[in-house]
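Assemble chain B onto chain A, guided by the hints.
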Amino acid sequence: MLYLMYLYRNLVRNRLRTALTCAAVGLPITIYVLSMAVVDGVNRFLDNSARQLRLAVTHKTSIVNPLPAGHRAKIESLDRTGRRLVSVCGLRWIGGKIERDPRPLSTIAADKDTFHTTFPEFRLTPEEIAAWHRDRQAIVVGSATAAQFGWKVGDRITIHPSVPPFVPFEFHIISTAPNAEDPISNWFRMDYLEEKLREVRAPEGLVSFFFVKCASSEDLNHFRTAIDDLFAHSTDETKTQDEKSFMNEFITQQFDLPRNLTILAAVTVFVAVMAATNTMSMSFRDRINEVAILRSMGFGRWLVFGQIQAESMLLCLVGGLLGALGPYVAFTYTPLKDFTVPLIQYLEVRPAVCVNAVMISAAIGVLAALWPSFLAWRLRVVTALRNLE
Amino acid sequence: MSTADIELVGVRKVYRKERIEIPVIEGLDLRVAAGEFVALMGPSGSGKSTLLHLIGGLDVPTDGMVRVGEARLERMSERQLTAWRSRHVGFIFQMYHLVPVLTAAENVELPLLLFHMSARERRRRVATALEIVGLADRTDHRPNQLSGGQEQRVAIARAIVTDPDLILADEPTGDLDANTSREILGLLNLLNSEFGKTIVMVTHDPKAASHAGRILHLEKGVLEREQWNHRTAVEAPGAAWAMRGPGLG
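Protein sequences, first through last, are from chains A and B.
Under this note's numbering, read the first sequence as residues 1 to 389, first letter to last.
Under this note's numbering, read the second sequence as residues 1 to 249, first letter to last.
These are computed hints drawn from the structure, not numbers from a lab.
Incorrect hints may have been included.
[To be verified] With beta-carbon atoms standing in for the labels, derived distance ranges:
1. A:LEU20 with B:PRO100: 52 to 60 angstroms
2. B:MET117 with A:VAL271: 39 to 47 angstroms
3. B:MET117 with A:ASN43: 33 to 41 angstroms
4. B:GLU226 with A:PHE374: 40 to 48 angstroms
5. B:ARG225 with A:TYR8: 50 to 58 angstroms
6. B:PRO100 with A:PRO104: 54 to 62 angstroms
Where a beta carbon is used, it is the ideal one built from N, C-alpha and C, also for glycine.
The shape of chain A in the complex, shown without the other chains:
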């Protein structure tokens, strides 16, 4: 008990230094936890993509090069049975914003007739599908986006695209897709986009990419090569890959989020180690006389080594616990739990990540105390006592 009391009182001996060190450990741990939540989200998103039995067909040169819309009929012709290819859907991304609101939107034009069969995970009701077919200005908005902007079914909204034709699009919300796995993106009809492009004489008949829904994983593997073979040596050669690989490549090409976030987390943890090492070194220097007296009393080298290690670990654990629990509570029990991020949708701070974070903070404590505890371990009591008197 006295040991614990001694540890505790040593920690609160210099309250400001302790608080600053807790913060120096806690903040990097918070960054780590949030980074891992984003990485988790990306992986979740990719896993969802993998379940969809879909192929993504892009231009072989680059994803930014559009493909002719006419490719769709050629792809469909590859399935002579009519049972192996469920549907092919051309897509074109226009991004967008609403007037006087800086928040970016993810808005995508999709082929009218194959949208709901290619993306069944939206789980549109028959009434919503009927409304989609009936109204060329129909739009399905993501549930989180609808909540953010206060939109509801029946509302009329205007979106200003981020890419040509740069003219406002008037939409009628027909669904907020409450059951969809993607609560962010908004989907509207390709023919409405074509109409707008015609108005401004912009090039028509192009899509950013096709999504091809297959009936089985065998079909997926078959069409992956069949589609590229079909367009080989043409002016618009294709690159076909499963949706997970496509999304992974897209994320990697754009910002390589998982890798960069992991590096960021590692750097911040390293900074925390340096900050905590500084604190423990100063703490040891302040108390070198105490260490010498303890050693003279009969406290062995390993006991004082352990004492400094325990102090450091306790300090870093407190910082780490606060740093991990903060985002966990915020993103689990407060309105922040509805906060969405493009692509990865909801940020979910998993308890396992928090446990990892706490273990990392304990490791920070051990690393931070290595040098000062080694100094205490090798301290020559006689030399230290001579310096004291």
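Only chain B this time, still in chain A's reference frame:
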């Protein structure tokens, strides 16, 4: 009551600093009887503190033999010396060196953590030690709430709480005023006469040294002379043996 005699034969201590050998103690022979109170005097650099450290097992001699009770310190490993110190030696320092974040009672309890002992037994021993030094009413005070004399009393309580054979005091009154010094020295005399502790005290102060039964004068690492204080020595247990024995070799 536990007590120990001390014997040093042909002790040399040489410090090495960048290939230069600095002799601090040269061929010293010394016997201190169990229960004797000895003062070590001498100018700075004469080897007093080094001698104290050798007797206390904080340092080992370059040559020679150091025996305290049954223990041959020069043959012991550092781990053995550490364990031996915790059971047989109590140190008192000039600047007290109490742990500032612990109360008087907690400071005194600290050395008992090295023993397998119940919390109740530890508390009993701490209370007894603080009572002996006259601070039973200051148990919950932190060092910064105590006077210099009271801090040194706590340090003495800490030194005796494990009931060591030997108390080694390095300038215990060096930082205290005359009245407080007298109180502390009276306390050391009490520990020596009533509890039979063998005490070796380093001091510059002849008045402080006069409380000891024997005063040893060191000069350049050699025992120059010894001086007996018969009034004090005769009162001390074990003094008769010391006076009969060779004492200074």
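Structure-based check of all given hints:
no. : hint                                       : verdict
1   : A:LEU20 with B:PRO100: 52 to 60 angstroms  : 21 angstroms, violated
2   : B:MET117 with A:VAL271: 39 to 47 angstroms : 44 angstroms, holds
3   : B:MET117 with A:ASN43: 33 to 41 angstroms  : 55 angstroms, violated
4   : B:GLU226 with A:PHE374: 40 to 48 angstroms : 44 angstroms, holds
5   : B:ARG225 with A:TYR8: 50 to 58 angstroms   : 52 angstroms, holds
6   : B:PRO100 with A:PRO104: 54 to 62 angstroms : 57 angstroms, holds
In terms of the numbered hints stated before, the structure departs from hints 1, 3, listed from lowest to highest.
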